[in-house]
Amino acid sequence: MARLRLDFEVRDRVMKYSYGTLSLCYQCGVCTASCLISPSISVRRIVREAQIGVATREDSWKCLTCRYCDTTCPRGVRIADVILGERVILYERKMVPERLVDTLWRVYETGNPLGSPMRERSVWAKGLNVESGVDVLLYTCCMNAYDRRLQKVTRSLVEILAKAGVKVAYAWDGESCCGDIVYSVGEEYFLEELAQRNVEAMERFKPTLIVVTSPHMYNMLVNVYPRYKAKPPAPVVHYTQLLAELITSGRFKPGRFNGTVTYHDPCYLGRWNNIYEEPRTVLQHIEGLKLVEMEHNRSNSLCCGGGGGAFWSENVEARGVTRRRLREATAVESQVMATACPYCIRMFEDELKISKYPLAVSDVVEVLANSLR
Amino acid sequence: MSLRNIIVTLKVTPKPEEIRFDPVTKTIDRSKATNEINPADKNALEMALQLRDRYGGRVIVVSMGPPFWEPFLKLAVAMGADDAVLISDRALAGSDTLPTSLTLARAIQKIGDYDIILAGEESSDGGTGQVPPGIAEWLGIPHVTYVTSIDIIETGKARVKRTIKGGYEILEVDMPFLASIELGCNTPRFPDFRRKRWAEREFKLKVWSTVDLGLNPEEVGFKGSATTVDTLVELKPPERLKRIITGAPEEVAEELARIIRELLR
Amino acid sequence: MKDIWVFVEQDSGVFEESSLEVLTKAREIADARGYRVTGVLLGRDVRRIAGSLGWYGAHRVIAVEHPILESYLSEPYTNIIGGLIEERDPDYFLASATRNGRDLAGRLAVRFRTGLQAHVINLDIAEDGSLIGHVPGFGGNIVAVVRNVKGRPQMATVALGVFRPKKLWGEAEVEVVEAKIDPLEPKVRRVEVVRKGYVDLSKSKRVVVGGMGTGGDLTLVRELARIIKADVGVSRPLSDIGVAPKDIYIGSTGVSLNADLAVIVGVSGAPHFVSGIRNVKTVISINKDPEAPIVEYSDYFAVGDLFEILPRLIEKLRGEAG
Chain A
1 MARLRLDFEV RDRVMKYSYG TLSLCYQCGV CTASCLISPS ISVRRIVREA QIGVATREDS
61 WKCLTCRYCD TTCPRGVRIA DVILGERVIL YERKMVPERL VDTLWRVYET GNPLGSPMRE
121 RSVWAKGLNV ESGVDVLLYT CCMNAYDRRL QKVTRSLVEI LAKAGVKVAY AWDGESCCGD
181 IVYSVGEEYF LEELAQRNVE AMERFKPTLI VVTSPHMYNM LVNVYPRYKA KPPAPVVHYT
241 QLLAELITSG RFKPGRFNGT VTYHDPCYLG RWNNIYEEPR TVLQHIEGLK LVEMEHNRSN
301 SLCCGGGGGA FWSENVEARG VTRRRLREAT AVESQVMATA CPYCIRMFED ELKISKYPLA
361 VSDVVEVLAN SLR
Chain B
1 MSLRNIIVTL KVTPKPEEIR FDPVTKTIDR SKATNEINPA DKNALEMALQ LRDRYGGRVI
61 VVSMGPPFWE PFLKLAVAMG ADDAVLISDR ALAGSDTLPT SLTLARAIQK IGDYDIILAG
121 EESSDGGTGQ VPPGIAEWLG IPHVTYVTSI DIIETGKARV KRTIKGGYEI LEVDMPFLAS
181 IELGCNTPRF PDFRRKRWAE REFKLKVWST VDLGLNPEEV GFKGSATTVD TLVELKPPER
241 LKRIITGAPE EVAEELARII RELLR
Chain C
1 MKDIWVFVEQ DSGVFEESSL EVLTKAREIA DARGYRVTGV LLGRDVRRIA GSLGWYGAHR
61 VIAVEHPILE SYLSEPYTNI IGGLIEERDP DYFLASATRN GRDLAGRLAV RFRTGLQAHV
121 INLDIAEDGS LIGHVPGFGG NIVAVVRNVK GRPQMATVAL GVFRPKKLWG EAEVEVVEAK
181 IDPLEPKVRR VEVVRKGYVD LSKSKRVVVG GMGTGGDLTL VRELARIIKA DVGVSRPLSD
241 IGVAPKDIYI GSTGVSLNAD LAVIVGVSGA PHFVSGIRNV KTVISINKDP EAPIVEYSDY
301 FAVGDLFEIL PRLIEKLRGE AG
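Residue numbers (this note's numbering), protein chains in the order written: chain A, 1 to 373; chain B, 1 to 265; chain C, 1 to 322.
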């Protein structure tokens, strides 16, 4: 048996990242049992080893950070935070999957994890006949800015907001990656610079509201940036929250859609940030739309398989997770699965190209836009 | 056995897909392209850092280029390089690979105490791959190209893996030697941003001119070059038919089969 | 009369095909001016095969034999050829831009303080005797017309697959030269050679390429390739995830195809990929996404599910071959 070196400094550091909850774990194993990518990792073992100061398990990279285990833990251990804390240490020890290091380089060199040219970040907005606003800042996720399929979502969003009388400042100079992938990889010093630079870029607009297009971005700005001495200059909302508000206050009237839709809760919107109802509110106000819930919804929703860096490290094992969710969607006989995260959409649509489930994936905004036709 | 200096030559290049060509003036516009450390040089630097991690020594980066390359050299320091030298001089403008390899060789000699010199296999802009063997020739040391790994087997001797058609060969080389490193053979480490901050504020880059290297004006620049560029031509991708075929799979397959049969005739 | 020397690379008695391409091109240039083409051949037992280089264009061949020269090794090759150049002073020296060719040429050019043009895609000699080459750069979108202005011999390495070798002439006169191995104790010594099966896609006339749209399952791609007697290639992501080896991925950092026909299946068409198909005569693409970037680079673009279209296409073509 290999000798384990116990390192209490490691334990103390991971303890801090876990907000002190690391010591609560009593090894019951419910986390491993409920883990969506089990048995490819043993969550219980990762947490146990962190408790005794061993952080060398590269399995931590496979974690999707979906927080499903967090919600089932009877003791309230913040397991995803334990894993992210471990990753900081693994990063320092240079034990990081190569693809993730490549992704960091791309964020550094081009301002986005795709590696697309910096000056093409605003190309998605070309031809958009909408006047740019001033105090409501639309912070567009790199995926929404560069990915051709997702650009449709971004354009629809800007148009709908304009129709609702909300002029957003979009595709603005200085917009750059929020750093979610950097955070997922455990790199902290570049992240600090990035966070502070992004906040400075936003401050120039003196915004009264910041609207983000991705739940990961929401999490970064609201929960992570303040830890790195970067406080967003205005309140931050996910666009579904803004849309829900516009609809319920009567400022925007959705159209009609005759069909069955199910809603997939993105992990970083739902479990990470407790935003469950607003996207549903938007869908429910569409006339004729029948909203059905999948077997796992809200706080026990399944993951799309793309979180925690899995999208960038091309974690092939996570495909099983994606397929499981797609099967649930077809089980409730909905024609459309709506969601509110660019990564979820890409994960589901890429998987549908191979496994042909009879299902269409849409963003909530797209369902709303379609209802207006 | 510990290594002495491990020297890495480094070039800054524009991203090839962002270069624009002006067909009227027949010049290359690099101004809008993002600059980066030549990808293969990053692999070379990573190789050097790994050698130092394993065998000790100092990693020194050498670059021949304009002053605006300074932040990139500091980035190399942030990645872990111990020192960096920039050879910057107007007289070097217009140098082809002959004076370039000479200049780099002189700088390497001035640094001295080298056991291993590493260079990226070729640069993403010019892409000649000629400079590394050229430097070795000026220095009178052995060289190996397209290297993917290096191990020190005993004092003064290394074993390297070189890519050849359909496989690889293992060679034993006496030090000092130069190796050109294959693009993509390793994952360059992400810079340490605390070290980067230090590099930006406190690290002093050595800047040398042709005078510092004892080079005559006739040996460098346009005058020192043995080739010259007469003109530049844009190579447009071929015009494609772009015929779209749609329909049910059966119809599409039928149409494709027809086209393919025709082409195979 | 001017002399064009062409380095002919060989390995264990087998000629490197791209060296024959350069030989033929050199002969065509030479014939137009009354110059002479000399093949330079180093190897273990090469005197017997040296003469056959004449068929590809060499007027004569200098053959140097020694066991250590069995396959390319920088020191002895550079020193022997350097010695010959010093002795005989040829006007031009060409080599194919293989790894070894560029390795050799890079060192020799400095030894003789002469100009060396890199992987030219076109080559000629001007009125005043200077070598003119077309040198691609910046990922292949821009070509520089370059001229050698000083030094002898004037040197260039030639890009592979640009010229065709032609077997038109006859046996060449062979001069066998004694190998002067110096230093006797080389500083670089070969320890081991490992070779796996090798497919040179850049020489394939027909290629079927699979991309991420196949999900990593190349069964249908291979079957179609088999039916139309084509080779199989992949886009880089498939090679990255380990589905296919590195030698067969197409793109700016991989293989550049020169095929007459490429059928590209499930590839979206990112810039890195399409630079590898620019020289293909006819490009047929199949993709589910009607807005995939590869439309711009295709002659025929079929919209649809490759898993539905390919089996039917395979059935229809079965027995057709060609």
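Simulated from the structure, these hints should not be mistaken for laboratory data.
From the three backbone atoms N, C-alpha and C, an ideal C-beta is built for every residue, glycine too.
Treat the hints with care, since some could be wrong.
Under the rule of at most 30 Å between Cα atoms (straight-line distance), these lysine-lysine pairs were calculated in the DSSO-like manner [as the list claims (entries may be wrong)]:
{"#": "1", "chain 1": "A", "residue 1": "Lys126", "chain 2": "C", "residue 2": "Lys167"}
{"#": "2", "chain 1": "B", "residue 1": "Lys165", "chain 2": "C", "residue 2": "Lys316"}
{"#": "3", "chain 1": "C", "residue 1": "Lys229", "chain 2": "B", "residue 2": "Lys165"}
{"#": "4", "chain 1": "A", "residue 1": "Lys94", "chain 2": "B", "residue 2": "Lys157"}
{"#": "5", "chain 1": "C", "residue 1": "Lys166", "chain 2": "B", "residue 2": "Lys165"}
{"#": "6", "chain 1": "C", "residue 1": "Lys2", "chain 2": "B", "residue 2": "Lys165"}
{"#": "7", "chain 1": "A", "residue 1": "Lys231", "chain 2": "B", "residue 2": "Lys196"}
{"#": "8", "chain 1": "A", "residue 1": "Lys152", "chain 2": "B", "residue 2": "Lys242"}
{"#": "9", "chain 1": "C", "residue 1": "Lys180", "chain 2": "B", "residue 2": "Lys223"}
{"#": "10", "chain 1": "C", "residue 1": "Lys166", "chain 2": "C", "residue 2": "Lys229"}
{"#": "11", "chain 1": "C", "residue 1": "Lys205", "chain 2": "B", "residue 2": "Lys110"}
{"#": "12", "chain 1": "B", "residue 1": "Lys236", "chain 2": "C", "residue 2": "Lys205"}
{"#": "13", "chain 1": "A", "residue 1": "Lys356", "chain 2": "B", "residue 2": "Lys206"}
{"#": "14", "chain 1": "C", "residue 1": "Lys187", "chain 2": "B", "residue 2": "Lys161"}
{"#": "15", "chain 1": "C", "residue 1": "Lys2", "chain 2": "B", "residue 2": "Lys161"}
The following label-pair restraints were derived from C-beta to C-beta distances [to be verified]:
{"#": "16", "chain 1": "C", "residue 1": "Pro311", "chain 2": "A", "residue 2": "Glu349", "range": "21 to 31 Å"}
{"#": "17", "chain 1": "C", "residue 1": "Lys229", "chain 2": "A", "residue 2": "Ser38", "range": "25 to 35 Å"}
{"#": "18", "chain 1": "B", "residue 1": "Arg201", "chain 2": "A", "residue 2": "Thr248", "range": "47 to 57 Å"}
{"#": "19", "chain 1": "A", "residue 1": "Glu98", "chain 2": "B", "residue 2": "Arg197", "range": "43 to 53 Å"}
{"#": "20", "chain 1": "B", "residue 1": "Ile153", "chain 2": "C", "residue 2": "Val199", "range": "29 to 39 Å"}
{"#": "21", "chain 1": "C", "residue 1": "Lys205", "chain 2": "B", "residue 2": "Gly166", "range": "17 to 27 Å"}
{"#": "22", "chain 1": "A", "residue 1": "Glu98", "chain 2": "B", "residue 2": "Arg4", "range": "50 to 60 Å"}
{"#": "23", "chain 1": "A", "residue 1": "Thr72", "chain 2": "C", "residue 2": "Lys205", "range": "50 to 60 Å"}
{"#": "24", "chain 1": "B", "residue 1": "Lys236", "chain 2": "C", "residue 2": "Gly170", "range": "35 to 45 Å"}
Right, here's what the structure says about each hint:
no., hint, in the structure
1, A/Lys126 - C/Lys167, "violated, 56 Å"
2, B/Lys165 - C/Lys316, "violated, 37 Å"
3, C/Lys229 - B/Lys165, "holds, 24 Å"
4, A/Lys94 - B/Lys157, "holds, 28 Å"
5, C/Lys166 - B/Lys165, "holds, 23 Å"
6, C/Lys2 - B/Lys165, "violated, 33 Å"
7, A/Lys231 - B/Lys196, "holds, 23 Å"
8, A/Lys152 - B/Lys242, "holds, 24 Å"
9, C/Lys180 - B/Lys223, "violated, 36 Å"
10, C/Lys166 - C/Lys229, "holds, 24 Å"
11, C/Lys205 - B/Lys110, "violated, 52 Å"
12, B/Lys236 - C/Lys205, "holds, 22 Å"
13, A/Lys356 - B/Lys206, "violated, 60 Å"
14, C/Lys187 - B/Lys161, "holds, 15 Å"
15, C/Lys2 - B/Lys161, "violated, 40 Å"
16, C/Pro311 - A/Glu349: 21 to 31 Å, "holds, 23 Å"
17, C/Lys229 - A/Ser38: 25 to 35 Å, "violated, 47 Å"
18, B/Arg201 - A/Thr248: 47 to 57 Å, "holds, 52 Å"
19, A/Glu98 - B/Arg197: 43 to 53 Å, "violated, 26 Å"
20, B/Ile153 - C/Val199: 29 to 39 Å, "holds, 34 Å"
21, C/Lys205 - B/Gly166: 17 to 27 Å, "holds, 20 Å"
22, A/Glu98 - B/Arg4: 50 to 60 Å, "violated, 30 Å"
23, A/Thr72 - C/Lys205: 50 to 60 Å, "holds, 59 Å"
24, B/Lys236 - C/Gly170: 35 to 45 Å, "holds, 41 Å"
In this structure, the hints that do not hold are numbers 1, 2, 6, 9, 11, 13, 15, 17, 19, 22, in rising order.
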